[in-house]
Each structure stands twice: as structure tokens, then as C-alpha cells.
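Listed below are the residues making up each chain.
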Amino acid sequence: MSSLLHYSFTELLGLISAGKTSIKEVNDLYLSRSQKYNKELNAYVTLADASSSESLQLAVKDNHCTKGMRTTASSKVLDQFVPEYESTVTSRLLQSGIAPLGKTNMDAWAHGSSTETSDYGPSKNPWDITKVPGGSSGGSAVVVAAGLSVAAIGSETAGSIRLPASWCGIVGLKPTYGRVSRYGVVAMGSSLDCPGPMTRTVADSAYLLQLIAGHDPYDATSSDSPVDDYMSAMKQGKKYTIGIPHEYLDGVPQDIKRNLLESFKIIESLGHTVKYIHLLNPTYSISDYTIIQRAEVSSNLGRYDGIRYGGGRELLGQEAKRRIMLGTYTLAHGYYDAYYKKAQKVRTLIIQNFADAFKEVDLIMGPSTPITAIPLGESAKYSFFGELMDRLSEPSSMAGLPAISLPIGLDNMDMPIGLQIIGPQFAEGMILDLAYQYEQNTDLFGIPRRGVEKWE
Amino acid sequence: MSDIHISHLAKLSKLTLTTAEEELFETQANETVDYIKNLNDLNTDNVLPTSSVTGTTNRYRGDLMSSERRLSPKIFKVTRIM
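These protein sequences, in sequence, are chains A and B. Take 1 as the starting number for the first sequence in the numbering used here and just add one per residue. Take 1 as the starting number for the second sequence in the numbering used here and just add one per residue.
The set of hints was computed from the structure by calculation and includes no laboratory data. Some clues are possibly wrong.
[To be verified] One side only, chain A facing chain B, incomplete, derived with CB under 8 Å:
| id | residue |
| --- | --- |
| 1 | Glu-84 |
| 2 | Ala-220 |
| 3 | Thr-221 |
| 4 | Ser-223 |
| 5 | Thr-283 |
| 6 | Ser-287 |
| 7 | Ser-298 |
| 8 | Met-325 |
| 9 | Leu-326 |
| 10 | Thr-328 |
| 11 | Leu-349 |
| 12 | Phe-358 |
| 13 | Lys-359 |
| 14 | Ala-399 |
| 15 | Gly-400 |
In this text, a Cβ means the ideal position worked out from N, Cα and C, and glycines have one as well.
Work out the full structure, taking the sequences as your base and the hints as a guide.
Structure representation (C-alpha cells):
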């Protein structure tokens, strides 16, 4: 039943409960497709041995610990690491009857925005296999876009869900920091890391977020604020005032800009108020993010000493080494105040900047990324690749804000373009409401479906 | 140019680098540090640093054993000595 392929995750759950298909049939379809196309797309580091007849299987980014299933974070340091415990995200999924279909490829340790820093080779963009899918959750974006998994779990520090979702033409939701537990997720930037759903529809993101969100006693930074009912919040149909930061449109190529302006018009035609606003120049967030994230990386990767996890530090790749040393530098005695502490203060300014904006508008929108997917190998030409590509995600990530990326069209090369909607902390419900209204009106231009059709 | 000594940072980070890597990383680290100095454009004189974006403060729990998180004794490869 290959037509099963075009049902969304929530639709499949309906079909299963109505007895029109079975968990086994869905799993067989996706496992066989994953086996068939993984050679070409390199989206998984590890695939499940067999399809389950009890639990629906979804792909999970390989930085989530899965008991009994190898977890590498795409680094050879963890090549043989089989966790003894389950991450809270995958544990909550298991409790809801969802098991891992496989562990998806990513930039090693989530350091990067293309999957090219993976020690298992880059994943390929399903829209054009000569291009990168974006990263770091590149493998998760690929499996959803090409129909190797009906939905997936990714994670974002700054851009790692939004950028690959945008470049692969799917929906990616980065929740508020602390909304989803980080317990059992291989730590990168602990004040920023955030697991989240990557799906083909807005409803699927809302549904999956519901399953994984909430306070966790094992993550002291997880929030105990009440979790909304996202499926209801999504259907509120409220009218919002939405700000478009001038600074986010600077330097965006004409074909992308044209699609964005068209989307702004669609949103206005749905009865929302759209206005241009000013935010801090994103170049400050690039620097702020670079300092804070590198500092946290140098601390978090200190534990890989070859004793507890098998592989030693000689197995760390170049990107990890670069980041560890820069973090060590900015935290060193004599430089701490000039860099790390300064960055923490600038972080306060970024938070205030958004707080001021949210006095005027309910939500903020703009491009998810400055450009669309680039050819494999081209990232080496940029000395600051990840930071440049993620510059429209870094400000909101520094402020811990939630955001969603939606496909809104194709550029001149037929590659997907993403629009992001950013909200105040814990306003995932509002973001989903606007995203759902946009989706109902545009069907996301059939882009998620067209991605899957390329791999039928 | 910044005053970065990669060999010293590598030692502090317990990393072994090749000569080629040392040269490459030193150039790149200097470029990065020159870039991030743009934060000095922003006045932060009376600004408090942020370490928690959601304002969570210290969380405490009872110091109790939890069988849920007890690791299997099978993961230890050496015999127990005490």
C-alpha cells in the first residue's frame, strides 16, 4: 500500500485506530524505504534491525541516547557507544508507543550546519543530491523530506532544526529552551540545546511536541510551566500582529525575497496585521553565540577522555577541536571578562531587544535562512559557515525563544525556501496557530509532498 | 591580531595537533577572535549577565535512591574490590 506514504503522522494514527492499516504495515513501508534509499542519501548512522508490530517507528537524531541502540552523535569517539539508559525524549515517545526507526546522521556533536562534519560522511539533500541538506539535524530533515520516516526528532542549538527543515522543504519546530528535556541528549551548548519535531505538517509538529514537552526531574533546566494543549491551540484561528525585522531581509537574494513578500501578503490577507520592525543587527548574535556556545562545548566535550565512552580525544574531528580550543580561550583566566562575561551581558541585551519587540507585536517572522541549500563541499569556502548560515536563528536561540520553519516556495534552482515564525517564550501555541492558518490556506505549496514524490 | 597560542590551548584542552593543524587553527582562531570583538560596539556597563534564559533558579530534590536509573552491573568490566 504505497499510498500510505503520503499520509501525515497524525493521519496515519487515525488510520491505524480505525483499523484501515496496521502499525506493522506502516513500519514495513518506512523501514524498507529507509533500507533502499539510505545508500544514496546517507541519512542514517544506524537503522533498526526489524520493523515493530507494537510501536510505530520514527527516526531520531543520533544525539539522543537510546538504550540498546548505538548512539554516536556522528562522532567516531562514540562509534561503539551503546547507551545504558534512554533520553527523556525517546523515553516519552516509547511510553506513547513510538520506537526509534533509526538514528539519523548529523554534524559531529551537532557542530555545523551541513552534516559535512559528520564522521560518517555528509547526508544528501533529497531535492538535489549534489547539495547539502543543512544541519546539524540534516539526517532527520532528509528522512522526513524523502519519505524514509513519516516524522523525526531533531535538536537545535541555533538553527539546527530550522535550517535543515528550510533547506529540505519540511516543517521544523524549535521549542522554547527548557520546554523539552535535554536529559540523555549528547550535550553541546547546554544553555541553548533543545530537542524538537521535524515533520511534513504543522499538526504533526504540534502532536509530537505534546508528547515530548514538559518538566523532567532529570533536567534541572527543564521548565515546570504548564504545557499547552497544542492541537487545540493550533486551531484557535486568532488574528495576530506580526513584525518583520528589516535586519532579517538584508542581503537576502531576490528570488527568496519575492517568495517571502508573497507569504507576508498571504498572511495579511488572512486578517493578520503585518508591520516592519527593527531588531539588533544579527551580526552581534553571531559573535555572542560563538563565544557562549564554544565555551559550553569546551566544557561539555571535556568528558570524552577515552575512559567512559571508549574512544579517546585523538578521534575528535577538526571542527570539535577548533571549538573546544576557542571555548578554552574565552574561558581562560584573563580573557573571561573580556569574552565570556561580555557575551553573557550581550545575551541580556538580546533578550531585552526581543522583549521590547513583543510589546509591539505578538509574533515575528522572516526568512529561516539567508540563502537556500548550497552544493556539497562549498561550506569549506566560508571561514564562518555555520554562524553565517544560522545568523537568522541565533538571536532567537540566544533568547531561548520558540520558532517554526515552514516551506513557502522554491527558488530559481527549484530548492525549498523557509519562512520562520518566532514567538515569546512558551508561546508555541500561538506559533502553531499562525503556522496552521498559513498551511490551511496554502497547503505549504505541496512542497513536503513533492519532496517525497522525488523518491517514490 | 589576537594573542592566541594554539599549542598552549591544545595542552589545556588535552588535544594533540599536527603542525599543519596548529598553523591552520591559529589563523582561524585569530580571525574568529577579531570578528567577535564587534560586541565591544555595545555598551554593557549597567547590564547584568544572563546565565539562564528562562529564569530558572536552583532546583532541589530529595537525596533518594531511584531504581529507575540504576545501571546494570553488567556494564562494569572489572571485579568489585570494595
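Okay, the hints, checked on the actual structure:
A hinted interface residue such as Glu-84 of chain A counts as satisfied when its beta carbon comes closer than 8 Å to some beta carbon of chain B; here the least separation is about 5 Å, so the hint holds. Given the 8 Å rule on beta carbons, the hint for Ala-220 of chain A holds: about 4 Å separates it from the nearest Cβ of chain B. Nearest Cβ of chain B to the Cβ of Thr-221 of chain A: about 6 Å, under the 8 Å cut. The hint holds. For Ser-223 of chain A, the interface hint holds, the least distance from its beta-carbon to any beta-carbon of chain B being 6 Å, beneath 8 Å.
At about 6 Å, the closest approach between the beta carbon of Thr-283 of chain A and any beta carbon in chain B falls short of 8 Å, and the interface hint on this residue holds. Hint status for Ser-287 of chain A relative to chain B: holds, with the closest Cβ pair at about 4 Å, below 8 Å. The beta carbon of Ser-298 of chain A is positioned within 8 Å of a beta carbon in chain B (closest approach about 7 Å), and the interface hint is therefore held. Proximity of Met-325 of chain A to chain B holds as hinted, the smallest CB-CB distance being about 4 Å (cut-off 8 Å).
For Leu-326 of chain A, the shortest C-beta to C-beta distance to chain B is roughly 6 Å, which falls under 8 Å, so the interface hint holds. With a least beta-carbon distance of about 5 Å to chain B, the hint placing Thr-328 of chain A at the interface is held under the 8 Å criterion. For Leu-349 of chain A, the shortest C-beta to C-beta distance to chain B is roughly 6 Å, which falls under 8 Å, so the interface hint holds. Taken as an interface hint, Phe-358 of chain A does not check out: its beta carbon lies about 14 Å from the nearest beta carbon of chain B, beyond 8 Å.
Taking 8 Å as the C-beta contact cut-off toward chain B, the hint placing Lys-359 of chain A at the interface is violated, the least distance being around 18 Å. Among the interface hints, the one on Ala-399 of chain A holds; its C-beta lies about 6 Å from the nearest C-beta in chain B, closer than the 8 Å criterion. A cut of 8 Å between beta carbons decides the hint on Gly-400 of chain A: the least distance to chain B is about 3 Å, and the hint holds.
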